[in-house]
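Make a model of the complete structure from these sequences and hints.
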Amino acid sequence: MSLETSNIYGTIGANFTFTLSAGTIILAQLHVTNQPVITLAVGGNNREVTIPSLPSGDSLVELALTWLPGEPNAFVDIGTVTTGTATAPDPKARINDGSTFGAVKLFGK
Amino acid sequence: MTKITAGMILVALLNFPGSAFSQTPPTEKPSRTTATGRTQGDEQVDRSFCENDKRSEIRAFCENLAQLQSHVNNDTVSNLENGKTDLDGLDLHDPNNTEYYVIAIRGKLATNTAISSLLQDFGQSRPDQQLGASSNASGTTSLVSKAGSAELLDFALNTGAVTQSVNGTTATLNTNLDHVFRLITGNHPDCIVATKICKPGWFQTHVLNPTNISATIDLAQQSSKTTATSGQASGTTPTQVNNASIPTGSGRLSGITTRYQVMNKFDPRSDAFQEKWKTAVADSSGLKGAAASLLSGFDEVRQMLETSAPPLDAKARNGMLDKARLDKTGKALADAFAAYFENFENAPQSATDFQKLAAAVSQATQYQTAFRQAWSDTLAAAAGTLFTFEYSFEQPLNQPKSHDMKLIYAYNFESMGMLTFNGAFSLYGGAIPAGAKYGRIHDGQISGEYDRTLSGKNKSIQTQLSLAGYWQYQPDPSVLNIPAGTVAPGTTIPLPNGTQEFVGTAGSLWVAQAKITIKASGGINIPLGVSWSNKTDLLQGNKIGAQVGISYNFSSLAGLFSGGGGN
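For the protein sequence lines, the chains are A and B, in the order given. Residue numbers for the first sequence follow the numbering used here, beginning at 1 and rising by one. Residue numbers for the second sequence follow the numbering used here, beginning at 1 and rising by one.
Honestly, the hints are just simulated from the structure, not real lab data. Predicted model, so just to flag it, every value in this text is computed and none were measured. One or more of the hints may lead you astray.
To be verified - If the Cβ cut is set under 8 Å, some of the chain B residues that face chain A in the computed set are:
#, residue
1, Glu63
2, Asn82
3, Lys84
4, Pro95
5, Asn96
6, Thr98
7, Glu99
8, Pro268
9, Trp277
10, Lys278
11, Lys288
12, Leu294
13, Phe298
14, Asp299
15, Gln368
16, Trp375
The beta carbon of each residue, even a glycine, is placed where N, CA and C say it ideally should be.
Below, the structure is given as structure tokens:
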């Protein structure tokens, strides 16, 4: 992974939320190489995940997802940026309807 | 006659105006457009070139292939930059494709472990599941039938009759038709809720999935068969005995029950349902536990793919785009992706690496299956069961066979507990003997039960309190078949074959029951009940009895059939 392949990039230590346009997030976990897994807060109708502090370099948010019948595919976007900067470049990352496992690639610089 | 009636009821259920099966598909959400001009929401995408492809990788990645082909065809994707999201969807190195990779290869690795033993745990928090024998079995601990049904295979052992005189011991096997179907056919073992990447067929959704079958076996009563005698073997006084009853087994099938659940009609897009869904998700400890396992299982596969799968580099991405441009049907794109996928599959790997990957895929599949089951249960909890229809064929020992029809309705007060109501009638089966002093109707029943989790909510061991009341009305006393070879009391004179006698009394039978069920992890349930009744089916006078049982969910047996790693 890198800045080019990331779904969201921002400044190291940025506090922000990202959102899914559809689906229900049951659990979100932040994975950083050689670091313990961190469970992230999920809010906003179960579609918004809070990143308390964007790690340096590559990191990954893994999502356990459910969907209601008839829901469309979900797109990843930035919700609220509290500190620092965070950007979800176009085209937005897509998580297909019905996926139980989703991932959002982060990059802190 | 009964079959026709049951079939007619099934057809009526499928068209029942309040049921989920008659509901129209939800209306589409308004689409929105991104800064790049890409339409978001549920786009019209042609998946016909990939959704039924023989290659499992093409079927698994069909949505991503179809998205790319569609966007190339309508010129919203023309280069690597604006096609990044779609091309990421074909990259085995991309973590978002871990699930599709697992779906694509699990069949090839013979790890189609349909239903995980983890399924055991998710039914434990449900107060609506029927555990053990139905309320009309001789050894049942249940006075009222529950609306919920079994998972793959539940086994229950109960002793202590509630409404019957015979204090039997019964073993009950419960199974869900859809789980059995998917286990046998290997058809999308985890596909429970219909989505784009997981489409159970109409027959699965509307017939197999809501249907459960259970068989109850009387363990305390031997099965027997009437056979003609061939002559007197001993004795000085000739005695004419034409038939005798011979034992044929130590257990006896006493009944078969089929139950069909009808869910409430719901609109997934309505605010009211969204609120119920949100509450159901928040309340579902099973779903959260399954989610943690799911992530751990997929993370292991993801890490292996990250190490060993070839990234879809710029050259390969351009190649995919070229194929999509040249052939708008999507076939060339599918072939190109299959070649990329097979290239990774055929790459030399050590036996250890392959075994590790196979084990990780198997584990992820099992976790995913459990997660999807928990998801389906949560959806059912949000929608609610409108009612359950149950048909039982009963053949109690030395009593006429009967056909029992029952409607079950449950209302869940969430933290305040759940109320379940039953309304039932029972008809005698077979031909009514000439000169019989009773009619076709055996009895009618109304009953209700209140269940509430007392302790351990969201914990591995829970206790559930159940208070139940039961009323049964019989127009005639119960009928007892006199077995062949029975002699008149105090004599050696055999009674003629086919003799029937009335026992007990006509009229009302009342039962009250209090029960504590201990629900342990691993799908084990132990009900302990006491009951009082003003009489029983065959005897007059009050009866105070105790009931005890144990039930176990055998979902882990799935691995034996599917060739998977088991548990």
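Going down the list of hints, with the structure as the test:
Against a cut-off of 8 Å between C-beta atoms, the interface hint on Glu63/B holds, since the closest Cβ of chain A lies about 5 Å away. Checking Asn82/B against chain A: minimum C-beta separation of about 6 Å stays under 8 Å; hint holds. Evaluation of the Lys84/B hint against chain A yields a held restraint, the C-beta minimum of about 6 Å falling below 8 Å. The restraint placing Pro95/B at the interface with chain A holds, with a minimum CB-CB distance near 4 Å, inside the 8 Å limit.
Among the interface hints, the one on Asn96/B holds; its C-beta lies about 5 Å from the nearest C-beta in chain A, closer than the 8 Å criterion. Checking Thr98/B against chain A: minimum C-beta separation of about 6 Å stays under 8 Å; hint holds. With a cut of 8 Å, the hint placing Glu99/B at the interface with chain A holds, because the nearest CB-to-CB distance is about 4 Å. A hinted interface residue such as Pro268/B counts as satisfied when its beta carbon comes closer than 8 Å to some beta carbon of chain A; here the least separation is about 4 Å, so the hint holds.
For Trp277/B, the interface hint holds, since its Cβ comes within 8 Å of a Cβ in chain A; the closest pair sits about 6 Å apart. For Lys278/B, the shortest C-beta to C-beta distance to chain A is roughly 7 Å, which falls under 8 Å, so the interface hint holds. Hint status for Lys288/B: holds, given a least beta-carbon distance of 6 Å to chain A, under 8 Å. A hinted interface residue such as Leu294/B counts as satisfied when its beta carbon comes closer than 8 Å to some beta carbon of chain A; here the least separation is about 5 Å, so the hint holds.
With a cut of 8 Å, the hint placing Phe298/B at the interface with chain A holds, because the nearest CB-to-CB distance is about 4 Å. Satisfaction of the interface hint for Asp299/B is found here, the shortest Cβ-Cβ separation to chain A being roughly 6 Å, below the 8 Å cut-off. This hint holds: Gln368/B has a C-beta 6 Å from the nearest C-beta of chain A, less than the 8 Å allowed. Hint on Trp375/B holds. Least Cβ distance to chain A is approximately 4 Å, under the 8 Å limit.
Violated hints are absent here; each numbered hint is respected by the structure.
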